[in-house]
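Participant: As a plain string of letters, each chain reads:
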Amino acid sequence: MANELNKQLASELAYEAVKNGASAAEVVIKQRTEFSVGVRLGEVETLQQSTDRGLGLRVLLDGKQASVSGSDFRKDALTELVQQAIALVRVTSPDDNIGLPDSKAFAQTIEDLDLYDEAIVNLATEQKIEMALRAEQAARDSSPLIVNFEGGGVDTSVGSLILANSLGFAGAYRGTSFSIASVPVASENGQMQGAYWYDVKRQLADVDLPENIGRIAAQRTLRKLGARAVATQNVPVVFEQNIARTLMSYVFQAASGEAIFRKSSFFVGQLGEKVADEKVTVIDDGQLIRGLGSRPFDAEGLPTRKTVVIKNGILENYLLDTYTARKLGMQSTGNASRGLVGALGVEAGNFYLEPGRYSPNEIIGAVSKGFLVTDVLGFGVNTVTGDYSQSASGIWIENGELTFPVQGVTIAGNLKDMLQAIEMIGNDLQFRGNITSPTVLIGRMTLSA
Amino acid sequence: MQLDAIQFFFERFAINASDIDKLLTIALMRGGDYADLYFEYKVSNSVGVEEQIVKSATKALSQGVGVRVITGDKTGYAYTDEIAFDSIRKAAQTASHIASSQQPSPVNPVNATPNRHNLYSVATPVSSVELETKIDLLKKGDTVARGFDKRIREVQSGIFDEVKYVMIASSDGRLVGDVQPLARYSISCIADDDGNLQAGRAGGGGRVGIDFFESESKIEYFARDASRQAIIQLDAIDAPAGTMEVVLGPGWPGVLLHEAVGHGLEADFNRKGTSAFSGLIGQQVASDLCTIVDDGAIPGRRGSLNIDDEGEPTGRTVLIENGILRGYLNDRLNSRLLKVGQTGNGRRQSYKHMPMPRMTNTFMLSGQDTREEIIRSVKFGLYAVQFGGGQVDITNGEFAFSASEAYLIEDGKVTAPVKGATLRGSGPESLKKVTAVGNDLALDEGVGVCGKEGQQVPVGVGLPTIKISGMTVGGTKA
Numbered sequence: 001m002a003n004e005l006n007k008q009l010a011s012e013l014a015y016e017a018v019k020n021g022a023s024a025a026e027v028v029i030k031q032r033t034e035f036s037v038g039v040r041l042g043e044v045e046t047l048q049q050s051t052d053r054g055l056g057l058r059v060l061l062d063g064k065q066a067s068v069s070g071s072d073f074r075k076d077a078l079t080e081l082v083q084q085a086i087a088l089v090r091v092t093s094p095d096d097n098i099g100l101p102d103s104k105a106f107a108q109t110i111e112d113l114d115l116y117d118e119a120i121v122n123l124a125t126e127q128k129i130e131m132a133l134r135a136e137q138a139a140r141d142s143s144p145l146i147v148n149f150e151g152g153g154v155d156t157s158v159g160s161l162i163l164a165n166s167l168g169f170a171g172a173y174r175g176t177s178f179s180i181a182s183v184p185v186a187s188e189n190g191q192m193q194g195a196y197w198y199d200v201k202r203q204l205a206d207v208d209l210p211e212n213i214g215r216i217a218a219q220r221t222l223r224k225l226g227a228r229a230v231a232t233q234n235v236p237v238v239f240e241q242n243i244a245r246t247l248m249s250y251v252f253q254a255a256s257g258e259a260i261f262r263k264s265s266f267f268v269g270q271l272g273e274k275v276a277d278e279k280v281t282v283i284d285d286g287q288l289i290r291g292l293g294s295r296p297f298d299a300e301g302l303p304t305r306k307t308v309v310i311k312n313g314i315l316e317n318y319l320l321d322t323y324t325a326r327k328l329g330m331q332s333t334g335n336a337s338r339g340l341v342g343a344l345g346v347e348a349g350n351f352y353l354e355p356g357r358y359s360p361n362e363i364i365g366a367v368s369k370g371f372l373v374t375d376v377l378g379f380g381v382n383t384v385t386g387d388y389s390q391s392a393s394g395i396w397i398e399n400g401e402l403t404f405p406v407q408g409v410t411i412a413g414n415l416k417d418m419l420q421a422i423e424m425i426g427n428d429l430q431f432r433g434n435i436t437s438p439t440v441l442i443g444r445m446t447l448s449a
Numbered sequence: 001m002q003l004d005a006i007q008f009f010f011e012r013f014a015i016n017a018s019d020i021d022k023l024l025t026i027a028l029m030r031g032g033d034y035a036d037l038y039f040e041y042k043v044s045n046s047v048g049v050e051e052q053i054v055k056s057a058t059k060a061l062s063q064g065v066g067v068r069v070i071t072g073d074k075t076g077y078a079y080t081d082e083i084a085f086d087s088i089r090k091a092a093q094t095a096s097h098i099a100s101s102q103q104p105s106p107v108n109p110v111n112a113t114p115n116r117h118n119l120y121s122v123a124t125p126v127s128s129v130e131l132e133t134k135i136d137l138l139k140k141g142d143t144v145a146r147g148f149d150k151r152i153r154e155v156q157s158g159i160f161d162e163v164k165y166v167m168i169a170s171s172d173g174r175l176v177g178d179v180q181p182l183a184r185y186s187i188s189c190i191a192d193d194d195g196n197l198q199a200g201r202a203g204g205g206g207r208v209g210i211d212f213f214e215s216e217s218k219i220e221y222f223a224r225d226a227s228r229q230a231i232i233q234l235d236a237i238d239a240p241a242g243t244m245e246v247v248l249g250p251g252w253p254g255v256l257l258h259e260a261v262g263h264g265l266e267a268d269f270n271r272k273g274t275s276a277f278s279g280l281i282g283q284q285v286a287s288d289l290c291t292i293v294d295d296g297a298i299p300g301r302r303g304s305l306n307i308d309d310e311g312e313p314t315g316r317t318v319l320i321e322n323g324i325l326r327g328y329l330n331d332r333l334n335s336r337l338l339k340v341g342q343t344g345n346g347r348r349q350s351y352k353h354m355p356m357p358r359m360t361n362t363f364m365l366s367g368q369d370t371r372e373e374i375i376r377s378v379k380f381g382l383y384a385v386q387f388g389g390g391q392v393d394i395t396n397g398e399f400a401f402s403a404s405e406a407y408l409i410e411d412g413k414v415t416a417p418v419k420g421a422t423l424r425g426s427g428p429e430s431l432k433k434v435t436a437v438g439n440d441l442a443l444d445e446g447v448g449v450c451g452k453e454g455q456q457v458p459v460g461v462g463l464p465t466i467k468i469s470g471m472t473v474g475g476t477k478a
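Read top to bottom, the protein sequences are chains Y and G.
When the first sequence is numbered by the working numbering, its final residue is 449 and no position is left out of the sequence of numbers.
When the second sequence is numbered by the working numbering, its final residue is 478 and no position is left out of the sequence of numbers.
Treat the hints with caution; some may be incorrect.
So, partial list: chain Y residues that the calculated Cβ filter (under 7 Å) puts toward chain G [what the hints assert, rightly or not]: (1) 69; (2) 146; (3) 263.
These are calculated hints, taken from the structure and not from any lab test.
Quick reminder that beta carbons are idealized off the backbone N, C-alpha and C, glycines included.
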């Protein structure tokens, strides 16, 4: 099988780098076949298909490292790649913390996390087109106010990753994903609004029905019609599940070892401290069955694991690869990431806020006057200081009821305060990506208009 | 230079014009209006200094060919990372499936032609410079940044460069090539004043050679600027919240135009009728002080190209003239369907991506006022001079971007620095509120990256100092 051949190739190349003067080396090979169909107004608009593979080589020498990548797998091209890597590593500087992990720590078994689905591989183009059209049709059928589509469609991806190093580790795993999206446009009284809905899963059977995707996309679009601004004020803010997950992505950035050792995080020096309300528990789990962020080993060959980042409001762990762990005098949490080329970094497995016991309706019902955020725009978040400011749209809440749509406002606060001010957490945790959150209510933020 | 690229592909990959004709014929074997092949060979390098040592050095090679078939408003696309006849043939067969006619469409034999302009007169490309030279420059920048203030604790900097060979062949007989250099220096600093941590960032570049970084002391300038921004933020106060007068400084704040009108004027959204600017050509969409252009043909700029990624020469497109909407940014597919001329704005991230209408360098032309006069005219407002990223919702025209360096204006004077505030507005409304335009147009330093449908391309922006009579400032101080 192709993976076995490539595993051998990767190992051989790592040893060839050592033969050519490296003290250690690591090779990654990524292959992927992607297919995408885009539909619009009942017709196929785009069909796209591709297969590609790439190889990355990291070499180490006397505490220094460098990396190269290419997609030409012919023997002489690979030999040239090794030469280039050796030439590069000679000009970098030694750093005691750089190096491969301890060989005893490598993943010994490759867990089957159910990341691969033959049904996705075997899905015919016609079936993908049909599913994409069904989602769009369901959105169109929802209301005559749905007048147009920005796009929508189905994407599938089938990939594999091979990692080998000169300390004897060689591992491979493969994964699939299926995603479906609908992006309708609604119009009424001269106002035009767009929104979207989607699902993405590793297994075809786990994906929501196309009709549901289309219907939810239409609902999300229609409820924005008639949006207006409200006055500047301080109010409680409910982050809908799909937006609350963006808050978790900032929490992840702040908890990653790179941000910590560079002192560019509001979590620096906070281990063991209360950084959030005691209702808050945040987990990273790289071993979740069928998880979009799951993998049997990380980009250095270390086993992935479940790490409690925040427990009942107390910051318990940072997320680390070998380098950042050594910098901080800690142990890797199996969160190493790498592209084909470049220094390693830290990535999330499946990172989430543990669900609470309230339904989203109960949370909204608890707010006498406030704002439900359904969309945000902009990148106004500073994970060094925690300052948060984004343009937002959503729905106004009065006496526990959703009233009218709002746009043209910004919401601002500081993530440190926002985490402490979480008052209610929803029971609606869903994974549509590797970082997620249920609905949350934050007691007070500045809304500006 | 341009024909060099064609020769490069022909020699290195043993491909010739007759192979290309055959491949285009295969792409159109099921019919279709048009097919093209996009050949790309790219070498990218990076070197980074952190904690005063060279922590990373990389070299990445990537190559491939994308095959596109257009029939009506439908597109078939496939690519291969092997530049070899058989692999491209398979991709062409895959892409051909978008068309379903029994009859093949005709192909005009390709004919190599030189490009209209040569915008990258680079004496020594950064890619061909010895690593030691780049490292010396980085270390110099690092020393300058740390020397700026003793509270500067962390400094991270890097030089990134690439050279991209492209060759584009189309079924209407076009065969063009380009060799595109691109280089960028980036530096970020963290200031630490007794646990008060603040960041500053700067950098620049373009389609330039090593002399750009060496001869004008550019690196020292960027290093000081990154440190200065971090130090200023140590004393920043909470940003005000609410609607107020806003003055935008020259240069990079032009990202406002990119978000407020640029994306909304890309032809794909307008053909589909999903842009807030759809159907507004000839109408007033900005104050008559505003003239906004997109120009892909300015020598050396990051957003500039001799030819776009469909082989069309770039040029200057007037988007808004004295407040009146004049035109859209077009690629081939949309110009055909809208029956208007191409503008040289068909761009793609790489051979793995289909082209679409994208901006190049987008900026507003200078007006009459001086910056001093403009600031003096504001009773209470915000003066924003540096920005992080921005984003726009095309359909309703809402946009937002974040100010990384901004100050209060009180009684006509620039006073306290404020913490990163988000500015938001509505594309079709905000430029109608421009009440003063400065005489000091500047283009940005050359670090811009624009994202659309997951594709990243380098762009430039520019602006003279302008005053907007009312924008929402998203601060915490209500």
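Participant: Indicate, hint by hint, whether the structure satisfies it.
Facilitator: Each hint, compared with the structure:
At its closest, the beta carbon of residue 69 (chain Y) sits 4 Å from a beta carbon of chain G; the interface hint therefore holds under the 7 Å criterion. Interface restraint check: residue 146 (chain Y) against chain G, minimum CB-CB distance 12 Å, threshold 7 Å, status violated. Hint on residue 263 (chain Y) holds. Least Cβ distance to chain G is approximately 5 Å, under the 7 Å limit.
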